[in-house]
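Position chain B with the ligands against the provided structure of chain A, taking the given hints into account.
Protein sequence lines correspond, in order, to chains A and B. Per the numbering used here, the very first residue in the first sequence carries number 1; after that it's consecutive. Per the numbering used here, the very first residue in the second sequence carries number 1; after that it's consecutive.
Please note: incorrect hints may appear among the correct ones.
To be verified - Pair by pair, the computed Cβ-Cβ distance ranges are: (1) Arg156(B) x Thr24(A): 52 to 58 angstroms; (2) Gly136(B) x Gly83(A): 53 to 59 angstroms; (3) Asn101(A) x Ser30(B): 29 to 35 angstroms; (4) Val87(B) x Ser128(A): 38 to 44 angstroms; (5) Pro130(B) x Asp43(A): 34 to 40 angstroms; (6) Ser103(B) x Lys182(A): 50 to 56 angstroms; (7) Asp43(A) x Asn168(B): 30 to 36 angstroms; (8) Arg89(B) x Asp129(A): 45 to 51 angstroms; (9) Glu279(B) x Ile70(A): 35 to 41 angstroms.
To be verified - Heads up, simulated PhoX-like pairs for lysine-lysine below, C-alpha to C-alpha not over 25 angstroms straight-line: (10) Lys242(A) x Lys49(B); (11) Lys242(A) x Lys90(B); (12) Lys90(B) x Lys37(B); (13) Lys295(B) x Lys37(B); (14) Lys195(A) x Lys206(B).
Think of the hints as simulated: they come from the structure by calculation, not from any bench. Glycine is no exception: its CB is placed at the ideal position from the N, C-alpha and C atoms.
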Amino acid sequence: MRQEIVPIHSFECLTNEILELTFTSDYLASVAKPGQFINIRVDNNFPLLRRPFSIFNIDGNKISIVFNVIGTGTRVLAKKRKGDTIDILGPCGNDFLTFANGEYDTAIFVGGGIGVAPFPFLTKHFPSDKKITTYLGARHKELIVTKGLKNVNISTDDGSDGFHGTVLDLVKDDFKKHDYGKTRFFICGPTRMMKAVAEFANNRNSDCYASLETDMACGIGLCQGCNIETNGGTKKYALVCKEGTIFETRTVKLQ
Amino acid sequence: MIESFKLKNVEFKNRVLVASGTFGYGDEVSDLVDIGKLGGIVTKSLSMKPRDGNPNPRITETASGMLNSIGLANIGVEKFISDKIPVLRKHNTIIIANIAASSIEEYCSVLEMLEPLSGVHGFEINVSCPNVKEGGLSFGTDVKLVGRITKELRRRTQKPLIIKLTPNVTHISEFARVCESEGADAVSVINTLIGMSVNINARKPKIATTTGGLSGPAIKPIALAKVYETRNAVKIPVIGIGGICSWEDAVEFFIVGASMVQIGTANFVNPSTGITVAEGIKQYCQKNDIDDVGKIIGTLQTNKTISIIDSWL
Ligand SMILES: Cc1cc2nc3c(=O)[nH]c(=O)nc-3n(C[C@H](O)[C@H](O)[C@H](O)COP(=O)(O)OP(=O)(O)OC[C@H]3O[C@@H](n4cnc5c(N)ncnc54)[C@H](O)[C@@H]3O)c2cc1C
Ligand SMILES: Cc1cc2nc3c(=O)[nH]c(=O)nc-3n(C[C@H](O)[C@H](O)[C@H](O)COP(=O)(O)O)c2cc1C
Ligand code: FES
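Pulled out of the complex, with its shape left as it was, chain A reads as follows:
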């Protein structure tokens, strides 16, 4: 893990609401794994704390993240331009590939909203002996990004793109039509969505690996602010930034 000041290589609008920011870092490009995140200081003074972002893609020494503007940090980030620099700390957290090998046929990727972020990079490096099916759910079509994904099924809350309904309803519907054999789920998105999808997956005896999101002050295990309650085990809480962000959903209490 390193702290680096890196130059912004490009800035692109993937949809009317989702931006892709690309910067260069030889170090990060050589060590980061799918599912890991970087912690960005968007500006020198304000906001104070770094903001975590999943790694969306790595191409050569170019690393990209995607985001939509929701608050102070993303508003500042959206004003950056090619040639500006950002202060990054990473890579942080565990990665999805640790959990990719095993006895199953199809990897099911489920991304809710901006929770799509880790999947293109994961798709690129996923073990080639597994099939991949991807489900994306979002409020509306401007929040759907399919770049770099395989076998994508889409749902929107307002029906502006793909299936009209929740991503879980889409998954259920699609599972009736296809036989994916033995599955393993990899999911990321709002906690409520992950809880529902995890229940579905675990009920069909599929393991489900979820990348969790909590507020983080440090992202590197210093503050103990990012705890999640575990389901039994030796400790009552786990730290999302360090022991996660990826957990098998039976081991933690999603709420």
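Relative to chain A, chain B with the ligands alone:
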């Protein structure tokens, strides 16, 4: 150029430490920070038994700061001794064990377990803990209790004993005076301020415990005033803490009377803040022909003699 500082029998290589609860036990960031360049590490508060800490959410960002209610989650003193001290010893810096407890007896027992260990160079006592036996109010807001804790611990240690004071009292100087008279070697000023933040959509507090401890740049002016007040009340060294992010911030603390400083929240943003602050202080002194950092301490130029306690705002 003298950067070092001696407290009782312990020599710190510089006057910049990292604050309790903001640097883990040093091992999380040893590949990111050259820990040997820090004046010292103050450990996360240690209690007798391991503590799970509070439910989530434990933190939220506020204007130029953050609220936390970690709940003193820690691995307990036994695990600290077996797992962490061997690692900390390798760092070539001073290790101050911070102790939290829910009774005076517990403070004493934890300190007694650590006293014989050469890997622990001194103690900082976190008195911002609920006194479970007597109604759960914080020890740190009761002058008599702070005095008793200091007295009992002083009898049990030959090492530097630092009492870390809470700002959530009317006159912090009264607390510093009692620490001094009961034999403390220094006081740390300040711990976090009680604060609150509300999610207006859910009409719920943003952290699970409703109120929490405010830290970061937002509290620096308050911390400076508390250090100034304390410095004017006691002769023992005052360790300044609160919102320090840069060497300029640290020099402000020295000028109002802090003998050392601690970096807290800023570590979350830049884990190497302690080192850049220490280097910045050195350069400031060299540039101004100051041959000892100690010569800046308590050099505030004021033309008023009114004490801050008496003055009208
Ligand atoms: C491991 C991890 C990976 C992440 N990856 C990404 C990513 O790839 N892309 C991305 O855009 N974001 C990602 N996030 C979220 C991101 O770090 C920021 O929290 C988010 O972008 C909002 O920051 P802000 O400063 O703009 O908003 P703030 O000013 O912090 O928040 C503004 C308001 O929005 C609310 N809010 C904050 N975050 C969210 C959220 N995620 N959903 C709904 N409401 C929210 C806050 O409660 C607040 O009321 C990730 C978070 C984590 C923990
Ligand atoms: C997340 C967090 C955890 C903390 N844990 C402790 C602790 O265990 N013991 C203690 O004495 N102080 C603790 N503190 C207080 C800090 O050591 C420091 O006194 C305070 O944060 C003010 O300094 P700052 O503004 O530089 O952060 C904690 C602070 C934060 C932000
Ligand atoms: S965010 Fe600080 S420990 Fe996880």
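Against the 25 angstroms threshold, does the CA-CA distance of Lys242(A) and Lys49(B) hold or violate the hint? At roughly 23 angstroms apart (the allowed maximum being 25 angstroms), Lys49(B) and Lys242(A) satisfy the hint.
Go ahead and decide if the range 35 to 41 angstroms is satisfied by the Cβ distance of Glu279(B) to Ile70(A). holds (37 angstroms)
Please verify whether Lys90(B) and Lys37(B) have alpha carbons no more than 25 angstroms apart. holds (13 angstroms)
In this structure, is the beta-carbon distance linking Val87(B) and Ser128(A) contained in 38 to 44 angstroms? With a Cβ separation near 40 angstroms, Val87(B) and Ser128(A) satisfy 38 to 44 angstroms, so the hint holds.
Assess, step by step, whether the Cα of Lys295(B) is no farther than 25 angstroms from the Cα of Lys37(B), and give holds or violated. holds (21 angstroms)
Take the C-alpha atoms of Lys195(A) and Lys206(B), compute the straight-line distance between them, and say whether it is at most 25 angstroms. holds (21 angstroms)
For Ser103(B) and Lys182(A), compare the CB-CB distance with the range 50 to 56 angstroms and indicate the outcome. At 55 angstroms between Cβs, range holds.
Is the gap between the beta carbons of Gly136(B) and Gly83(A) within 53 to 59 angstroms? holds (56 angstroms)
Starting from the hint 30 to 36 angstroms, judge whether the C-beta atoms of Asp43(A) and Asn168(B) obey it. About 31 angstroms separates the Cβ atoms of Asp43(A) and Asn168(B), which means 30 to 36 angstroms holds.
Given the range 52 to 58 angstroms, decide if the beta-carbon distance of Arg156(B) to Thr24(A) lies inside it. Check passed, 56 angstroms falls within 52 to 58 angstroms.
Verdict for Asn101(A), Ser30(B) (Cβ pair) under range 29 to 35 angstroms: At 30 angstroms between Cβs, range holds.
CA of Lys242(A) to CA of Lys90(B), is that 25 angstroms or under? Given that 25 angstroms is the threshold and the Cα spacing comes to 23 angstroms, the pair holds.
Hint check: no violations occur; every hint is consistent with the structure.
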